[in-house]
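K.L.:
Sequence:
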Amino acid sequence: MHDMVLDLICSLSSDENFISILDNVGWHAPNLQRKFRRLSLQNIRAKIHNHQFDSTVLSKVRTFAVFSTISCDWLPSLSSFQFLRVLDLGNCGSQKSSSGISLKYVCDLIHLRYLGLQDTNVNELPMDIGKLQLLQTLNTRRSNIKELPPSFVRLRNLICLHVDGGVSLLKGMSNLMSLEVLSGIQVPLSPHTVKELRHLTEVRELSFNCLEMEQDLINILIESLGNLHKLQELSIGYGGKLIGCMGESWVPPPHLREFISWDPYRDDLSWRLPKWINSTSLPHLSSLTIDVEELDGDDIQIIGMLPALQYLSLSATNAIGSLVVRADAFPSAISCRFNLFRTPICILLGAMPMVQHLEFPVCAWSIASGEVDSVLGHLPSLEHVEVMLIYENFSGMQKARREVINTAQAWLRCEAEAHPKCPTIVC
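To get our numbering, take the position in the sequence shown, counting from 1, and add 1079.
Among the hints, a few may not be true.
[What the hints assert, rightly or not] Capping the alpha-carbon separation at 16 angstroms, the derived lysine to aspartate or glutamate pairs in EDC-like fashion look like this:
1. 1183 - 1207
2. 1354 - 1372
3. 1320 - 1293
4. 1274 - 1302
5. 1320 - 1347
6. 1354 - 1327
7. 1309 - 1370
8. 1225 - 1203
9. 1354 - 1377
10. 1320 - 1342
[Said to hold, decoys possible] Quick list of simulated restraints, FRET-style, between CB atoms:
11. 1280 - 1184: 31 to 37 angstroms
12. 1333 - 1485: 49 to 55 angstroms
13. 1202 - 1496: 53 to 59 angstroms
14. 1354 - 1141: 26 to 32 angstroms
15. 1206 - 1463: 46 to 52 angstroms
These are computed hints drawn from the structure, not numbers from a lab.
The model shown is predicted, which means the values in this text are computed figures rather than measured ones.
The beta-carbon is built from N, C-alpha and C at its ideal position, and this holds for glycine as well.
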């Protein structure tokens, strides 16, 4: 049924000249008399010669998108497009060996608004990319592009920039006053360039990495972040030291909805939960990912009182005292992940009434011995649960320990089967 509906939509779109999709079936007989407006090449598996398209056919194309991993030597030259506004070459292969498209012509597409080079083997952007004065979105994620050319800072209408972590901010980035999304940038070691970040006051989404930053540079970065009052989503990679300093002096913007701090190596974590993570400072925060060295029960309660929080991923190396989720905590949470904990978490009746996905640690001996009840019955909306069984405090032999684990797992599975929603369980 879905395939039939899709075929009907594609047919009607083509009849109305809204969009023309050429795939491995329809490629061999394109209507060369039609002047395409929006053209998409998909799943081409045969070697095609580019004489099937001439400049007349492509002269009025506004959107050209390629979704094909085949060798693309047959694709038309960008010089054929006179009024192109959207160019998406994602999954199209490299510009030299596969795509056959020389990016040197991209700078002649003066009407271009969107340039998608994600998942390509393109190695560099043209030096004159600054000529694309109408460009609004540039996406080079998962490509081989490691730096931006100097003329890039002339793209004053650029709204969205998506790059990979090795690409650094350029001197002159403060010219990009229209930027609203800046994703994947590596913070440079130049204080002058970091200061320019404060001028990008329209930024709503910011994602960056900050490896090997000295204290003076961290202070400048915090000052710059403090000037981004429209910020709604903030993601910081390898920023444990930065997060620690932000905990004392940074005031989050009032409409922050998402905060992510990640470090896969966990080399330099923030020591404690930042003081600005509280319900007063973050009334609209709906997603929080953070990794700290130490956590205590008060921290759990502070996070649990964030009124809009729906998604939580919380990791800690050490826990101080008992960790209890109180009855009024996490009223809006849908997904909660408590990672890398060595201390069990106790979830009281009434907490997390809306949680659907839960990952948490629990003491295997407490479950197996009946000392505490499983928390699954307390969570009416639960659909999936992953339980990390902890047995560090159990001093029995290996065989006895295995029996405790098996008993705890059996109890948890019984609890899941008895739950009204029969959630899937991993333990």
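K.L.:
The structure should be examined with respect to each hint, and the outcome stated for every one.
P.N.:
Here's how the hints hold up against the structure:
Proximity of residue 1183 to residue 1207 is assessed by CA-CA distance (about 8 angstroms); at most 16 angstroms being required, the pair is judged to hold. With a C-alpha separation of about 15 angstroms, the suggested pairing of residue 1354 with residue 1372 holds against the 16 angstroms cut-off. A C-alpha spacing of about 9 angstroms is found between residue 1320 and residue 1293, which places the hinted pair at or below 16 angstroms, so the restraint holds. At roughly 8 angstroms between alpha-carbon atoms, residue 1274 and residue 1302 fall within 16 angstroms of each other, so this suggested pair holds.
Between residue 1320 and residue 1347, the direct Cα distance comes to roughly 6 angstroms. Compliance with the 16 angstroms bound is thereby established for this hinted pair. Distance restraint check for residue 1354 and residue 1327: the Cα-Cα separation of roughly 7 angstroms lies within the 16 angstroms cut-off, and the hinted pair is therefore satisfied. Restraint check: the Cα-Cα separation between residue 1309 and residue 1370 comes to about 25 angstroms, which exceeds 16 angstroms; the hinted pair is violated. Distance hint between residue 1225 and residue 1203 is fulfilled; the C-alpha atoms sit about 7 angstroms from each other, no more than 16 angstroms.
Between the alpha carbons of residue 1354 and residue 1377 the distance comes to roughly 12 angstroms, so the proposed pair stays at or under 16 angstroms and holds. Distance restraint check for residue 1320 and residue 1342: the Cα-Cα separation of roughly 11 angstroms lies within the 16 angstroms cut-off, and the hinted pair is therefore satisfied. Against the hinted window of 31 to 37 angstroms, the Cβ-Cβ separation of residue 1280 and residue 1184 comes to about 35 angstroms, which satisfies the hint. As the Cβ distance of residue 1333 to residue 1485 is approximately 51 angstroms, the hint placing it in 49 to 55 angstroms holds.
At roughly 55 angstroms, the beta-carbon separation of residue 1202 and residue 1496 lies within the given 53 to 59 angstroms, and the hint holds. Here the CB-CB span from residue 1354 to residue 1141 is close to 51 angstroms, at odds with the stated 26 to 32 angstroms. As the Cβ distance of residue 1206 to residue 1463 is approximately 50 angstroms, the hint placing it in 46 to 52 angstroms holds.
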